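> The listed protein sequences correspond, in order, to chains A and B.
Numbering-wise, the numbering used here comes out as the position in the first sequence, counting from 1, plus 3.
Numbering-wise, the numbering used here comes out as the position in the second sequence, counting from 1, plus 22.
All clues stand as given, with none of them false.
Straight-line C-alpha distance at most 27 Å; calculated DSS-like pairs for lysine-lysine:
1) A:383 to B:68
2) A:300 to A:401
3) B:27 to A:98
4) A:20 to B:96
5) B:27 to A:140
6) A:383 to B:46
7) B:27 to A:145
Hints listed in this document are in silico derivations from the structure and should not be mistaken for laboratory results.
Model, not experiment: these values are computed from the prediction.
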Amino acid sequence: MDNIAHLNRLSKINSSKSIRFLTPVAHPGSHCPMHSAISIAASIKGISSIVVGARECAYYSRGVPNVADFVNGFHWTYVMDSNEVVFGCRDGLIKAVRELDAAGAEAVALISTCVPEIIGEDIDGLIKEIQPEIKAKLLCVKVPQFNCNGSATGGLFFYESLISLMNETGSKPGVVNLLGYDPAAFRRACPPKLITLLRESGADVRFYYASEASVSDYARASEACLNLVFSIHNIGLAKRMEERFGIPYVVVHDLYGVKDWDAAIGVVEKILNISAAGRFAAERERALALEGEVSEKLGGRDFIMTFPYRDTLPLAAYLCDLGLKPLLIHADEYCPHNDVWARRILKSGSDPYVCHMVNEKADAEILNDLPFHICVGKFKYISGGRPCMQDMSDILLKYEYSRTEELLDMLIRCAGDSYGTL
Amino acid sequence: MGLYKHRPEPSGSMGALWTLSTIKNAAVLEFGAMGHMVDARITLEKAGICRTCGMFSTHIDDIDITLGGVERVKASVDYILKNSCAQAVFLLPSAVPEIIGTDFAALAEELRPAYPGTDIIDFNFSGLTTALNKGVEETLLTLARRLAGPGEKSRSYNIIGSCADFVRFYADAEEIVRIMRGAFHMEPGCILTSSASVDDIKKMGGASLNIVIRKEGLAAAEYLEEKFGVPYYFGRPYGLKGTMEWIRSLGDFIGASPDGGFLADEYAECDRNYDMFHKLYRRTKFYGSAPLRLSASSHSDVVGGIASFADELGFEKGRFWCVDSGGSSREIPFLSEAEWENLLPDLTGDVLMASGDVLAASGRDQGLLLSHPHGLWSICPYDAPFVGFRGTVNLICTWVGEIQKRS
Numbered sequence: 004m005d006n007i008a009h010l011n012r013l014s015k016i017n018s019s020k021s022i023r024f025l026t027p028v029a030h031p032g033s034h035c036p037m038h039s040a041i042s043i044a045a046s047i048k049g050i051s052s053i054v055v056g057a058r059e060c061a062y063y064s065r066g067v068p069n070v071a072d073f074v075n076g077f078h079w080t081y082v083m084d085s086n087e088v089v090f091g092c093r094d095g096l097i098k099a100v101r102e103l104d105a106a107g108a109e110a111v112a113l114i115s116t117c118v119p120e121i122i123g124e125d126i127d128g129l130i131k132e133i134q135p136e137i138k139a140k141l142l143c144v145k146v147p148q149f150n151c152n153g154s155a156t157g158g159l160f161f162y163e164s165l166i167s168l169m170n171e172t173g174s175k176p177g178v179v180n181l182l183g184y185d186p187a188a189f190r191r192a193c194p195p196k197l198i199t200l201l202r203e204s205g206a207d208v209r210f211y212y213a214s215e216a217s218v219s220d221y222a223r224a225s226e227a228c229l230n231l232v233f234s235i236h237n238i239g240l241a242k243r244m245e246e247r248f249g250i251p252y253v254v255v256h257d258l259y260g261v262k263d264w265d266a267a268i269g270v271v272e273k274i275l276n277i278s279a280a281g282r283f284a285a286e287r288e289r290a291l292a293l294e295g296e297v298s299e300k301l302g303g304r305d306f307i308m309t310f311p312y313r314d315t316l317p318l319a320a321y322l323c324d325l326g327l328k329p330l331l332i333h334a335d336e337y338c339p340h341n342d343v344w345a346r347r348i349l350k351s352g353s354d355p356y357v358c359h360m361v362n363e364k365a366d367a368e369i370l371n372d373l374p375f376h377i378c379v380g381k382f383k384y385i386s387g388g389r390p391c392m393q394d395m396s397d398i399l400l401k402y403e404y405s406r407t408e409e410l411l412d413m414l415i416r417c418a419g420d421s422y423g424t425l
Numbered sequence: 023m024g025l026y027k028h029r030p031e032p033s034g035s036m037g038a039l040w041t042l043s044t045i046k047n048a049a050v051l052e053f054g055a056m057g058h059m060v061d062a063r064i065t066l067e068k069a070g071i072c073r074t075c076g077m078f079s080t081h082i083d084d085i086d087i088t089l090g091g092v093e094r095v096k097a098s099v100d101y102i103l104k105n106s107c108a109q110a111v112f113l114l115p116s117a118v119p120e121i122i123g124t125d126f127a128a129l130a131e132e133l134r135p136a137y138p139g140t141d142i143i144d145f146n147f148s149g150l151t152t153a154l155n156k157g158v159e160e161t162l163l164t165l166a167r168r169l170a171g172p173g174e175k176s177r178s179y180n181i182i183g184s185c186a187d188f189v190r191f192y193a194d195a196e197e198i199v200r201i202m203r204g205a206f207h208m209e210p211g212c213i214l215t216s217s218a219s220v221d222d223i224k225k226m227g228g229a230s231l232n233i234v235i236r237k238e239g240l241a242a243a244e245y246l247e248e249k250f251g252v253p254y255y256f257g258r259p260y261g262l263k264g265t266m267e268w269i270r271s272l273g274d275f276i277g278a279s280p281d282g283g284f285l286a287d288e289y290a291e292c293d294r295n296y297d298m299f300h301k302l303y304r305r306t307k308f309y310g311s312a313p314l315r316l317s318a319s320s321h322s323d324v325v326g327g328i329a330s331f332a333d334e335l336g337f338e339k340g341r342f343w344c345v346d347s348g349g350s351s352r353e354i355p356f357l358s359e360a361e362w363e364n365l366l367p368d369l370t371g372d373v374l375m376a377s378g379d380v381l382a383a384s385g386r387d388q389g390l391l392l393s394h395p396h397g398l399w400s401i402c403p404y405d406a407p408f409v410g411f412r413g414t415v416n417l418i419c420t421w422v423g424e425i426q427k428r429s
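Please model the entire structure based on the sequences and the hints provided.
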C-alpha cells in the first residue's frame, strides 16, 4: 500500500483538486472539459459556438466529433495572440460575436479555455454589455482544465449555461423533462419503465438530449413540473432550474440499489400524483433476493474501481451498502453532488483512497499490488486471475430494478468459480 | 490572430510536438493541461502516425500556476526515466507555462545532473507568437545543436525535414532512400525525424551529406555543415523531369554519377504513365471537356513541386497557395481563411489538392489530400509517396482518376 500513500482518502476529498494522479505522469490522460462542451454545443440544434483560447485549443477543437461534421450551427474559434494575452481580447471577441450574430446564429456559446481564464478575461461581463445589441442569445461556458482533471465538468457547465435560454413560462402539471436521456436509446433498447409509466399516466414527456433538442426546446423547458436527470452532465442544470423556476428534480442516472430506486420512484409518484402500483414488483423481488445473496457471499470483500467507469462514487456507495469494502476508487471529478455518496461510503466504515488514473500500463503495476478481491471497471492488465467487471456499459442502459439485477448478475458471473469463496 | 471558421495555422509548439513525436527511444513531456496531449495524440493517430515516441503530459493545476510550481515536471521526468528506455526527454511548455513565465531552460539545467547519460532538452520557444513552420525549424535546429555529435565518418547521408506535419511523410522519405540507394548506392544514416532514433541523431555529424527536403531543415543543415563539415543539398523532387534534375544536380554536388541502369528503368516506368495520361487527357479534350486545371494548397515546398509537375504534364495552371505563413511568396502566397474561402467558387471544376478543411469546404471528398488536417481517419502508414519516381507514378494515377471522373 506504500505505492498509494501519496493519495488522499475519501474523507479528505472536497473537490477535484484534492484528487491526485495514481502515477505521476499522464499517458495519455483525460480529455479537457472543452472537448465535452464543444461536442455537446455542436449537437444541439440552433447552438453556435466560439472557442476562445490558444491556437492549440482552436485547432484541436475542430477535430471533436459533431464539430468536424458541421451538424448544426456555426462553430468558430477565436485565437488569442500574444498582445491579447497581455491586454485582453475583449474588442476582438465583441467583433467576432457580432459577425456570428450577423451570420444568423440563434444562440452562441462562448467557450472560454485556459488562456482567457488565466488572464481573467471577463466574458460574463462582455456578454452583459453586448447582449442588448445582439440578436443571438449569448452563453458563457468556462472550461479551463487547470481547474479540474477530466472532461465531465465541460458537459456539466455547458448544460448549466443553457439556463440562460429558458423563458419563465410557469410550470404546467404533467410536463416532465427527461434531461440527458437519449431518445434513440429509448427507441432501440428496452426503455425505462418509469418513462412508460409517465406516458401511460398522461404525462407530457419531453426529451432533452443534445442531438435531439433545440434552442426552442430549451426555451420552454421551464414548463415542466418535474425534471428527471439521466446524465451526470445535467445535474447542474436541474439544480439551477430548481433554484430559478422551483422545478423539483430526481436524479436517476446514478441509482443502483432497490432502496434508492424505491425512494426515487416514490418521489415521482408523489409529485405527479400517480401510482406505479406493482408495475415493478417482479423485478424488485428478484433484485432484493440478489442483494441478499451478494451481501451474504461477497460481504466484507475488498474492491477497487477503475477507469473509465465515470461516476464511480454512487456505485461504490451502493456496493458498500451490500457490505463490500472499497480500497481505492478512480474518480474523474469530485462535484458537489458527490457529497451525498461520499458520506454514505464513509458511514459504511470505509475510507478508500481516491485517485485519477491517467496511465493505464503504469497504473496497472500499482493496482496489481493491491490486496483487492474484485475490480469494478476496466482493467486490461489485471494479474492473478482476479475477477474484474471489464465492460459495464450494459448496466447503464438499464433502469430501475432491472439495473440492480443486471449489475448484481454481472458481479456474480464475474466472481465465477470463486463466488462465495473469495 | 482573431476569428477562424476552420482550423487556424498550427502553433510553433504544435510543430515541435509533431516533429519530436516520431523519434525513437525518446519521450516528449509537455508541461500543461493534459487534454492537449490527448488531442495531439488523436490528431497524429488520425494521420496514420502510429510509431510515436513516448508522449506524456504533466498536467497542471491552479496551484502550480499561482505558485509557479514545477514539481510535476520533476516527478514526471523521474518517473519516465525510471520506467522506460528513453535516452532523451524533450521538455515542451504549453501556453499556460509560457504565460506565467516558467523558465524551462533553468529547469532542464537543474534536472540534468540527476540523470547522467540521458539528454534532457528544453524546447523553449513561444507557441503564442510562432507558427508551425518556425516550430519545426527551431526543433530541427535544437536537435542538431543539442544532440548531434561528430559520429564515425561514413559514406552515409542524412535526410533533414521528414516531419509529421506533411502528408505522406513516411512514404516520401522512403522514396528518397530508394532513389539514393538505386542511383548512388548510398544508405541513410539519420532520417530526421520520421525514422530517427536518439542514437541516429547523435551520429549525424559523421555523414557525408545532408539532404534537406523542406526549408525548415536548412538552419539545422547549416549548423551541421559549420560544426561537422557535412555539406547539404536542398530540394524536393516532384515529377519525372524534376526528379531526374534533382538526381543529376545531386550527383554533380557530391561528384558521383548516378547509376544509368536504375535511371533508365525508372524513367521507362514513369514514361509509360506519362503516355497513358496524355492519351486520356487528349481524349477528354477531343470530346469537348474543358481543359483540366489543377489547383493546390499545402506547404510552400510541396505546392512548388506539385505546380511544376502539373505544368510539365500540361495541366492548365490553377491557383496555388501555401499553408505556411513563413513560406509565402509572390508565386505561392499564404492565403488567409477568408481569402481561400473566397477563391473556392472559382475552383469548382479544378482538380484540387489541399487540406481536409479546404476539401470539405469545397464539397469534395478527402481523396486528394495534400496537407493537414486530415478530415477523416487515415490510418494506413503504407501510402504511396508524392515525391520521386514513384510519387510521379502515384500522382499521374491519381490525376488519371480525376480525368475519368470528368469524362
